[in-house]
Amino acid sequence: MIEIKNLSFHYDSEEEILKEDVLRDVSLTIPDGEFVAVLGHNGCGKSTLAKHLNAILTPSDGSVIIDGMDTKEENLLLKIRQTVGMVFQNPDNQIVATIVEDDVAFAPENLGVPPKEIRERVDWALKSVGMYEFRDKAPHTLSGGQKQRVAIAGVLAMLPKYIVLDEPTAMLDPFGRQEVMRTIQTLNREYHMTVILITHYMDEAAKAQRVIVMDHGNVVKDAGPREVFSDVEGIRALGLDVPQATELMYELKKAGIPVRSDILDTDECIEALLKAI
Amino acid sequence: MLKDITLGQYYPVKSPLHKLDPRVKILLVFAFIILLFFVQNFVGYAVFALFTGIVIKLSRVPMKFMLKGLKPLFFIMIFTAVLNLFMVQGEHVMFRIWKLTATYEGLRTAVFMILRLVFLIMGTSLLTLTTTPLALTDGIESLLRPFRKIGLPAHELAMMMSIAIRFIPTLLEETNKIMQAQAARGSDFETGSLIKRAKALIPILIPLFVSAFRRADELAVAMECRCYNGGENRTRMRELKMHANDAVASVIVAALIGTIIFTNLFPLFSQFAL
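Residue numbers (this note's numbering), protein chains in the order written: chain A, 1 to 277; chain B, 1 to 274.
None of these hints come from the bench; they were simulated from the model.
Note that the structure is predicted; figures quoted are calculated from it, not measured.
Not one of these hints is a red herring.
Here are the simulated DSS-like cross-link-like pairs (lysine-lysine), alpha carbons at most 30 Å apart as the crow flies:
hint, chain 1, residue 1, chain 2, residue 2
1, B, 19, A, 127
2, A, 137, B, 57
3, A, 275, A, 253
4, A, 221, A, 254
5, B, 196, B, 71
6, A, 116, B, 241
7, B, 19, A, 116
8, A, 137, B, 14
9, A, 127, A, 116
10, A, 137, B, 19
11, A, 127, A, 51
12, B, 199, B, 71
Bound conformation, chain B alone (with noise of 0.2 Å):
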């Protein structure tokens, strides 16, 4: 249960993809996903798809690894196909189930759908697998640098973020630890109903917390030994600087931005567009 969370998870291997700038990264990937919406026809998903194939090619991460992250959200992404292919009015009927309706308009909406959350997890997670989490909270924190003067606290945010993913480890090795110590005095946590299992969770949770915040009062302590005085006047060992590669990164993306608008002008593709 506690080994498949992958908040975070990071794919150790030398890559073009991982050594561009963290921000450059994000934004890139935001672009991509905020494109992805635009799109509105095949070719453009084939464009899609290409590009796709490609970064993943180059990020040295196995495809399988990429599939694996699909699985999670396989049953959303039926749920929300099935719910289009019935839903979506048109003219086109392809079949009647009761008083369900499928058309052709449907299941292109069906398709896209599945498509673009395929496109839209794919993205995100070859962000998170390529960037360190501390590399990750860097470029966060320095995006909403800007944003500081309005009152966000960016230094606190990231600092939180990047203890969160700190402790989860500590936490997960805690959890197993209390966990066998109740199964020791006989706690069931796999049997009976599901009122009944979460109630076995209770004598977990507690020590739980109450770890947790005794840890967050000693590690408060420990941070202000060692200087902590908040974001001002902080200097990074490690600073964020870009390369030539940065651009050419941002040049190709631009390329696709290029690329799905010419395919949503384009008469002639949007003939491919049932």
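Isolated chain A (complex conformation) (with noise of 0.2 Å):
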């Protein structure tokens, strides 16, 4: 389980914009197993939260909580890191080795893990992204979505319980994009591991069980994709949009036709569709 208490957070620096709050007295629980989604236009301090997890950033007030590690506790850094994965933006800038098995086994090797176990761990993590046929390939060879595809499986060899995803798609081809999602979701659904993913996009929000709305450093929303996002005037007053799906679904209740509000994604966009006709 993570707890964040009151956590408040701003940059030790000499100017004074720099030292703004960054994060606002933000105080979170996510129990293991659940899929959050942590939405926010930019700036809004949902990479700086994300980076409070496994002990990048340390918080200025409040604390920070992994399974019960402090993460202020300097000596339970690494057992943090390896608890709590994190992938980046970029994949290009987190692959460390000249081919894929090799980047996938540099977490185990921080770790001082047996080399015959790294090897299994390797082969287990390439297996469940589906990169396993690349495994010795290099990774300048490989689409963007493969990379971060790779970066993750980079993560899981640590055997994470967490696994934090810094907007893992943002720099990706709707086709890579599909790919690094759908892998996210087999990591949460069959392997049961805790994931929270940072994004921007909407679609991607709604997959989770739970979306948390960041605003200026505070949560301003906290529950579940269907009730998020069927306040539209409210998210939109955020700056942000919500799922097209949704957005039909409410343009039509406007005009007058009687259908759900809450819909997600657009086979229950399709399904409702139906049933006014």
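Take the two lone chains, each set in its own frame, and fit them into one complex as the hints suggest.
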């Protein structure tokens, strides 16, 4: 379980403008096995929040506790980073080695895992993201979506309990986005991994069990995706969009057609439209 | 221009040479290079040529590929040869041009110099052509490990090398992108004086450097997230292991060393040395 208690954060800086709080009194509890999406426009503090989850940043005030381990304790650093895996936006800047399987082996090698077990972990991690056939390829010959899956495998090889993804699809083409989203959902459903997905794509957030919306360093909404997105006005006021299907239903309803407004994806949308006809 | 970079070029075939332990290979190439400077006569060079020829055949790297590696150094070889031909003092005068005298001793040194350079390049390219960059850095790390006691950061050096190799294609791609972006806005890299062309490179280098620093920063965070904390207590998935063929290779190189010493000592052979 991840417990964030009254977390506030500002950068230590001489300049006044940078001293402003990036996170303000954030309190959240993320139980094991959940798939959480964090939404918000640029500069709302969502990436800063993510960096607190594996002690890349430590709170200015309040605390972040991962499975009972406080991120402020330096001797727990490695254990925390191994428990909470982190994937970033640009796959090119997270791949260390010149061969796919060596990159996946990087984290377990750092942790001092015996060679035979590293091999097993690497094979397992590559299989679970569907990149096993590419194990002896050079990373620069892969597509963006494939590289990002390798980056995810690289984190999985640490056998983390939680995986935090900071806009993992932002630099990918639509096809790559789909690949990565499918992988993330598999991790959550089949491997029961707790997933914290930071994104600004609404249709990705709609796939989560819980959506947290942030604005100016505060958590402004925290509920299931249906509940969050059914408040179309409120979401728009925060400078965000709702998923296309939700928007269509919202507009239809406004035009006086009796349809459900808590629609998230295309399938539900078709069903609701058929019912209305 | 950017395609010609051959750093860490690897020729992916299966051969007895590819299978050798990188540590053994590095040490043997070192021995080969040092030995090269002890060769004093043509018999010695003939032995070297035979040896190199057989090793190239064994490596299954095409001869054409090997010769391509010599091309960039063609000018240096000619330059050293000409310099030696005229500069070496000797008694047997071959011919004179203006104030320069070419002697037979000069010719001999010039030919030896060219041979030495050719074998030097062939030996080192055989190492990089038959060893993956990764195995090479692993080998260097392992060989440098004993020097850690005197403060040599062996692991860090190897890590830096492998990251540099990893980012060559990424940065090349980026350079091309920037060049295209600048060309699209009317930049011209091909015409004009040397100074003008050098100046045209500045708008490419600045964004490239900025992006390289940003990448380095992100990579450092990503590495920390994957529990990287230096070389202490680190294990490796692929462990370097020596096999019987490594011993065989060492014996063969030892035999080569013996042969060269023999050709140097035996007076009969030294007669061939002009």
